[in-house]
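Whenever a hint applies, use it, and build me the whole structure from the sequences.
Chain residues, written in single-letter form:
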Amino acid sequence: MTDSAAWAEQRESAAGVLRDILDRMGVDAEVSAFDDGERIILDAHGSESGLVIGKKGSTLDALQYLVNRIVFKKPGERAMVVVDAEGYRGRREDSLADLAKRLAEKAERSGRPVPVEPMSAHDRRIVHVTLADHPGVTTESEGEGMMRRVVIFPKAPVAEAI
Amino acid sequence: MTEGSDSPLAGDLNAPPLRELVLFLARSLVEHPDQVEVEEIEESDALVFELKVAESDLGRVIGRQGRTAKALRTVLSAASAKTRRRVILEILE
Numbered sequence: 001m002t003d004s005a006a007w008a009e010q011r012e013s014a015a016g017v018l019r020d021i022l023d024r025m026g027v028d029a030e031v032s033a034f035d036d037g038e039r040i041i042l043d044a045h046g047s048e049s050g051l052v053i054g055k056k057g058s059t060l061d062a063l064q065y066l067v068n069r070i071v072f073k074k075p076g077e078r079a080m081v082v083v084d085a086e087g088y089r090g091r092r093e094d095s096l097a098d099l100a101k102r103l104a105e106k107a108e109r110s111g112r113p114v115p116v117e118p119m120s121a122h123d124r125r126i127v128h129v130t131l132a133d134h135p136g137v138t139t140e141s142e143g144e145g146m147m148r149r150v151v152i153f154p155k156a157p158v159a160e161a162i
Numbered sequence: 001m002t003e004g005s006d007s008p009l010a011g012d013l014n015a016p017p018l019r020e021l022v023l024f025l026a027r028s029l030v031e032h033p034d035q036v037e038v039e040e041i042e043e044s045d046a047l048v049f050e051l052k053v054a055e056s057d058l059g060r061v062i063g064r065q066g067r068t069a070k071a072l073r074t075v076l077s078a079a080s081a082k083t084r085r086r087v088i089l090e091i092l093e
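First to last, the protein sequences are chains A and B. Reminder that position 91 of the first sequence reads as 91 in our numbering, one-by-one numbering, no gaps. Reminder that position 74 of the second sequence reads as 74 in our numbering, one-by-one numbering, no gaps.
Since the hints were derived computationally from the structure, they do not count as laboratory data.
Lysine to any residue pairs mimicking SDA-like chemistry, simulated, CA-CA at most 25 angstroms apart:
| no. | chain 1 | residue 1 | chain 2 | residue 2 |
| --- | --- | --- | --- | --- |
| 1 | B | Lys70 | A | Met147 |
| 2 | A | Lys73 | B | Thr74 |
| 3 | A | Lys73 | B | Ile62 |
| 4 | A | Lys73 | B | Arg27 |
Structure follows, in structure tokens:
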């Protein structure tokens, strides 16, 4: 169980880094830290969580990236801190999964490919994973950089309806 | 360094100076924190921060494909929403 002591130490140092950053951003927020044995999850909560989240979670993503760069500096260390605010990431995953299912239904019904709006690699992954076992559609990412998006293809295009 | 609370440009009086944020992030990312310098330049339409680090640390503040620099700018602009000023981060090479 020497592992759990190392985990606790890393968890606290990651939480400390995020608190220090938020403090200097002038954001009034508390940070709670927990881990699931694989990842460290830092959740910022307080009246200003909107500022911490940013547009479509862009500020959360930037904070997460920086905290990982700072905490896991040594070569070979793997980034494993997730930065969240008031459970936003979980809520966004749920709503992305709902959107994916709705658009899959549309692709099946129309027999035509349905493009999803361009989104981050993380969000595209949620769409792919949600529809991985869907009987009626397949998914592929298309486009480059900021315009990269998931396209949902019907498996068996229906014969052209009159 | 700070102009005091009567400056019309001060924005949110409770917000700490953004220079501290840039300094903290840069010092935390690099291998030679003692060589981190941040110059703050007031321009009419924006506040510019010029960041200088040891040559061997440049990659640590820029990152692969500029990812670290982009994250720094995103966090800085989120923080600047409180000061209501446009903020620009320049990394000197």
